[in-house]
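Those protein sequence lines, which keep their order, are chains A and B.
Numbering (the numbering used here) for the first sequence: 210 to 504.
Numbering (the numbering used here) for the second sequence: 714 to 845.
Simulated from the structure, these hints should not be mistaken for lab results.
Keep in mind that the hints are not guaranteed to be accurate.
[As the list claims (entries may be wrong)] Capping the alpha-carbon separation at 27 Å, the derived lysine-lysine pairs in DSSO-like fashion look like this:
(1) 825(B) <-> 429(A)
(2) 799(B) <-> 462(A)
(3) 825(B) <-> 841(B)
(4) 477(A) <-> 774(B)
(5) 456(A) <-> 799(B)
(6) 825(B) <-> 422(A)
(7) 484(A) <-> 761(B)
(8) 761(B) <-> 825(B)
(9) 456(A) <-> 794(B)
(10) 422(A) <-> 774(B)
[Claimed, not checked] A short list of chain A residues far from chain B (calculated; beta carbon distances all over 10 Å):
(11) 371
(12) 398
(13) 399
(14) 415
(15) 419
(16) 421
(17) 448
[Unchecked claim] Restraint ranges, calculated between C-beta atoms of paired labels, are given here:
(18) 413(A) <-> 780(B): 38 to 44 Å
(19) 442(A) <-> 843(B): 27 to 33 Å
(20) 414(A) <-> 723(B): 29 to 35 Å
(21) 396(A) <-> 752(B): 42 to 48 Å
(22) 752(B) <-> 423(A): 26 to 32 Å
(23) 396(A) <-> 756(B): 40 to 46 Å
(24) 753(B) <-> 272(A): 55 to 61 Å
(25) 441(A) <-> 782(B): 52 to 58 Å
These numbers come from a predicted model, not from an experiment.
Glycine included, every Cβ here is placed at the ideal spot set by N, Cα and C.
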Amino acid sequence: MTDTTDKKTSTLAGGRAGTAVKPKEKSKGLFFSKKKQKHPPERVLLDYKQGHEKAILESARAEQHALVMNLGFGKEGVDSRIKKVSKHPVLEDGYVIETQQYGDGTSYIEQALSAFEDPAIRKVWIPLKKGRWSYIQQSNGYLETYWSEFPPTDDGVILSAEKKTVMMKPLFIESYALFYISIMLLFAGGLSLGAAMLFKYVVYNEHQTMVNKTYYTASKYLPIETLRGESSTETERLRSVRYSQGKGWHFIKEKLSDDGSMGQFYQKIGANGEKEALIQMGTIQTNNITTEGSK
Amino acid sequence: MRFIDRLQLIANDRIIIAGPLLVISLMLFGAAWYEYQQPRHEPNYDQKRSKDIAQCIGFSKHKGFSSKRPNPHLLELTSDKFDDPKFTFSTVESIVLGCPNLDLKSFCLGVKEECGIQGVKMVLGYEKPDAF
């Protein structure tokens with residue numbers, strides 16, 4: 210057996226792990242700092258699915274959950290990572306799925322893929338807690354994981370916990386509070402609206418009462434008294450009494466001028482019925498009327 | 714697969730799913746609040762308008778006016794009786810007062826060159842009544 214880990218991981222440091230994140234070495238507490246040490250996990254599983262289709266990724270996720278439940282991992286301390294594999298010299302394009310329990314939260318995938326780039330290497334060993342081992346076997350482009358109580362005896366590659374760099378994510382997320390609250394609020398909102406509509410359209414079920422309005426206000430009172438005071442003379446004559454919303458009440462009159470021409474005049478009637486001054490709008494010649502802005 | 718295990722499949726999307734659900738919830742609460750605030754149905758304004766205008770046409774006909782509806786919201790009343798302007802004014806006033814929810818838009822009493830008719834022509838516009 211040869212330990213080629215140092216050589217393999219040194220190629221990884223060249224940037225093959227695109228999402229490599231340096232794990233936290235130290236986390237500061239309130240009164241003291243504790244060092245987060247890298248250590249081997251209690252259990253590790255590496256699986257491989259061929260193909261880059263979305264359905265394969267979804268299937269891989271579902272199978273990972275099912276496998277973890279079937280193997281009795283429980284939900285505590287289980288971390289997961291799925292890495293897309295492309296242009297690997299041995300493995301076809303696909304996904305590598307890693308599952309660890311009670312590990313330090315970092316992944317072995319890069320080390321394993323790097324080791325399997327050499328077609329001669331068919332097996333990688335991962336040390337586990339309590340002196341146990343896990344080995345990943347590559348056969349015909351597929352990966353299989355085995356657990357062993359015995360130390361490595363053949364020529365596989367031993368992967369090192371110290372060389373791991375990429376962080377994993379917890380497989381089981383328990384913080385669903387916001388999700389549950391949103392669902393509860395959705396139900397509560399639906400119930401509220403249902404209750405409101407039930408009350409409005411079934412229990413109460415009344416139409417609004419309409420109140421008639423009269424628009425005959427002071428500004429629109431017909432100028433009866435003003436009209437009563439109007440009289441036609443030989444030189445001045447009322448042609449029409451008019452109202453429009455823009456101009457209010459007004460008279461249109463014709464008046465004979467000193468030069469013999471007939472003029473057309475506009476006379477506004479004020480709010481109190483008083484007549485304002487005549488404003489000439491145009492002239493009336495025989496039967497032709499020339500007006501400016503009378504309408 | 715149990716419900717809690719199925720939820721793990723959407724674990725990474727739970728916030729993305731919760732966001733729209735919260736927005737929809739708020740909209741539902743808003744709609745419920747709006748319904749509670751206005752417990753009575755909105756009245757049938759079209760029916761009321763037809764009824765009011767029909768009543769006004771009947772009354773103005775009784776007072777000697779002809780009617781025309783240029784559009785559903787307007788009523789044009791005309792009369793060629795022009796003998797006594799003061800009497801005509803009183804008649805017009807009674808029509809304006811006797812036609813609820815109709816507002817005087819224009820009025821012309823005079824010669825044909827001015828009003829388009831030798832007599833009286835007025836236009837009343839329908840205004841939506843208040844409802845509570």
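Open item on the list: Checking a non-interface call: every C-beta of chain B should be farther than 10 Å from the C-beta of residue 421(A). Is that right?
Closed with: The claim breaks: residue 421(A) does not keep its Cβ more than 10 Å from every Cβ of chain B (closest is about 4 Å).
Open item on the list: According to the definition I'm using, a residue is off the interface if its beta carbon is farther than 10 Å from all beta carbons of the partner; does residue 371(A) meet that for chain B?
Closed with: Holds, since 29 Å exceeds 10 Å.
Open item on the list: Please verify whether residue 456(A) and residue 794(B) have alpha carbons no more than 27 Å apart.
Closed with: Holds: residue 456(A) and residue 794(B) sit about 25 Å apart, inside 27 Å.
Task: Satisfaction of the hinted span 40 to 46 Å by the C-beta atoms belonging to residue 396(A) and residue 756(B) - done: 33 Å, violated
- [ ] Sort out whether residue 799(B) lies within 27 Å of residue 456(A), counting only the CA atoms.
- [x] It holds: about 22 Å lies between the C-alpha atoms, which stays within 27 Å.
Task: Straight-line alpha-carbon gap residue 477(A) to residue 774(B), limit 27 Å - done: 31 Å, violated
Task: Verdict for residue 441(A), residue 782(B) (Cβ pair) under range 52 to 58 Å - done: With a Cβ separation near 35 Å, residue 441(A) and residue 782(B) fall outside 52 to 58 Å, so the hint is violated.
Open item on the list: For a C-alpha distance cap of 27 Å, please report whether residue 484(A) and residue 761(B) respect it.
Closed with: The given pair, whose Cα atoms are some 39 Å apart, is violated under the 27 Å limit.
Task: 38 to 44 Å as the expected CB spacing between residue 780(B) and residue 413(A), which holds or is violated - done: 39 Å, holds
Open item on the list: Given the hinted pair residue 422(A) and residue 774(B), is their Cα-Cα distance within 27 Å?
Closed with: 22 Å, holds
Task: Outcome for the supplied range 55 to 61 Å, where the beta carbon pair is residue 753(B) and residue 272(A) - done: 58 Å, holds
Open item on the list: Check the hint pairing residue 825(B) with residue 429(A) against an upper bound of 27 Å on the C-alpha distance.
Closed with: The hint holds at about 23 Å.
Of the hints listed earlier, those the structure fails to meet are numbers 3, 4, 6, 7, 8, 12, 13, 14, 15, 16, 17, 19, 20, 21, 23, 25, in rising order.
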